[in-house]
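Asks: Residues per chain, in single letters:
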Amino acid sequence: DTEVTQTPKHLVMGMTNKKSLKCEQHMGHRAMYWYKQKAKKPPELMFVYSYEKLSINESVPSRFSPECPNSSLLNLHLHALQPEDSALYLCASSQGPARGHENEQFFGPGTRLTVL
Amino acid sequence: QKEVEQNSGPLSVPEGAIASLNCTYSDRVSQSFFWYRQYSGKSPELIMSIYSNGDKEDGRFTAQLNKASQYVSLLIRDSQPSDSATYLCAVQTDRGSTLGRLYFGRGTQLTVWP
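Residue numbers (my numbering), protein chains in the order written: chain A, 1 to 116; chain B, 1 to 114.
One chain only, chain A, in its complex shape (with noise of 0.2 Å):
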């Protein structure tokens, strides 16, 4: 089972609001990742946790605010955002971070982000 589940699908929030994204993995895998996607770009890293250590922030604005409660469970807390920060973010999670097949990523359906 390769499945990473994510909710909501759909979120719309002012700038004032706060709102958690969930991810959630059942396959054991020690290596949760966050991007976002803007369209017709590529995924952008954001974080990386490796056995429930925060081990890359890619500069992320600190409006963006993530957590890993345990091995299973991934968070990113949203505080303050800006209309920019619409998108599509999305959860991944891997064996790794390794070498090799251990650092296959697998997504999740991601969370549509809209900012007002």
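The set of hints was computed from the structure by calculation and includes no laboratory data. Possibly wrong hints are sitting among the right ones.
[Unchecked claim] When the alpha-carbon atoms are kept at most 27 Å apart in a straight line, the in silico DSS-like pairs for lysine-lysine are as follows:
1) A:LYS22 - A:LYS53
2) B:LYS67 - A:LYS41
3) A:LYS22 - B:LYS56
4) A:LYS36 - B:LYS42
5) A:LYS38 - B:LYS42
6) A:LYS36 - A:LYS18
7) A:LYS41 - B:LYS42
8) A:LYS36 - A:LYS19
9) B:LYS56 - B:LYS42
10) A:LYS19 - A:LYS38
11) A:LYS40 - B:LYS42
12) B:LYS56 - A:LYS18
13) B:LYS42 - A:LYS9
14) B:LYS42 - A:LYS19
15) A:LYS36 - A:LYS22
16) A:LYS41 - A:LYS22
We have chain A; now place chain B onto it with these hints.
Replies: This is chain B only, laid out in the frame that chain A set:
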């Protein structure tokens, strides 16, 4: 700067033809290479991974890797309209501080017409 370049496309082929998608990368220590398919409005789906020089076949898909030329390609045989999507090339560089990080190309949009 780790760059991954893909043929810009869009690529349009008739049904039943071979579609050839190309990708070059700049970092010689790259070790793992992946092809993702992304339908419009959907998330990327891993369709092929390749780690050593040569060809790897999976059904109608063949990935080819040439590390000396820093080149990886994806061939889709007997193309079907359902193959119409954007194909993303992703490269992993096995350096300590970036272990696990994927570098994506901009994608090639493929259209297969009946």
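Asks: Run every hint past the structure and note whether it holds.
Replies: Here is how each hint holds up against the structure:
{"no.": "1", "hint": "A:LYS22 - A:LYS53", "in the structure": "17 Å, holds"}
{"no.": "2", "hint": "B:LYS67 - A:LYS41", "in the structure": "26 Å, holds"}
{"no.": "3", "hint": "A:LYS22 - B:LYS56", "in the structure": "35 Å, violated"}
{"no.": "4", "hint": "A:LYS36 - B:LYS42", "in the structure": "13 Å, holds"}
{"no.": "5", "hint": "A:LYS38 - B:LYS42", "in the structure": "12 Å, holds"}
{"no.": "6", "hint": "A:LYS36 - A:LYS18", "in the structure": "18 Å, holds"}
{"no.": "7", "hint": "A:LYS41 - B:LYS42", "in the structure": "13 Å, holds"}
{"no.": "8", "hint": "A:LYS36 - A:LYS19", "in the structure": "16 Å, holds"}
{"no.": "9", "hint": "B:LYS56 - B:LYS42", "in the structure": "26 Å, holds"}
{"no.": "10", "hint": "A:LYS19 - A:LYS38", "in the structure": "20 Å, holds"}
{"no.": "11", "hint": "A:LYS40 - B:LYS42", "in the structure": "12 Å, holds"}
{"no.": "12", "hint": "B:LYS56 - A:LYS18", "in the structure": "46 Å, violated"}
{"no.": "13", "hint": "B:LYS42 - A:LYS9", "in the structure": "11 Å, holds"}
{"no.": "14", "hint": "B:LYS42 - A:LYS19", "in the structure": "22 Å, holds"}
{"no.": "15", "hint": "A:LYS36 - A:LYS22", "in the structure": "14 Å, holds"}
{"no.": "16", "hint": "A:LYS41 - A:LYS22", "in the structure": "23 Å, holds"}
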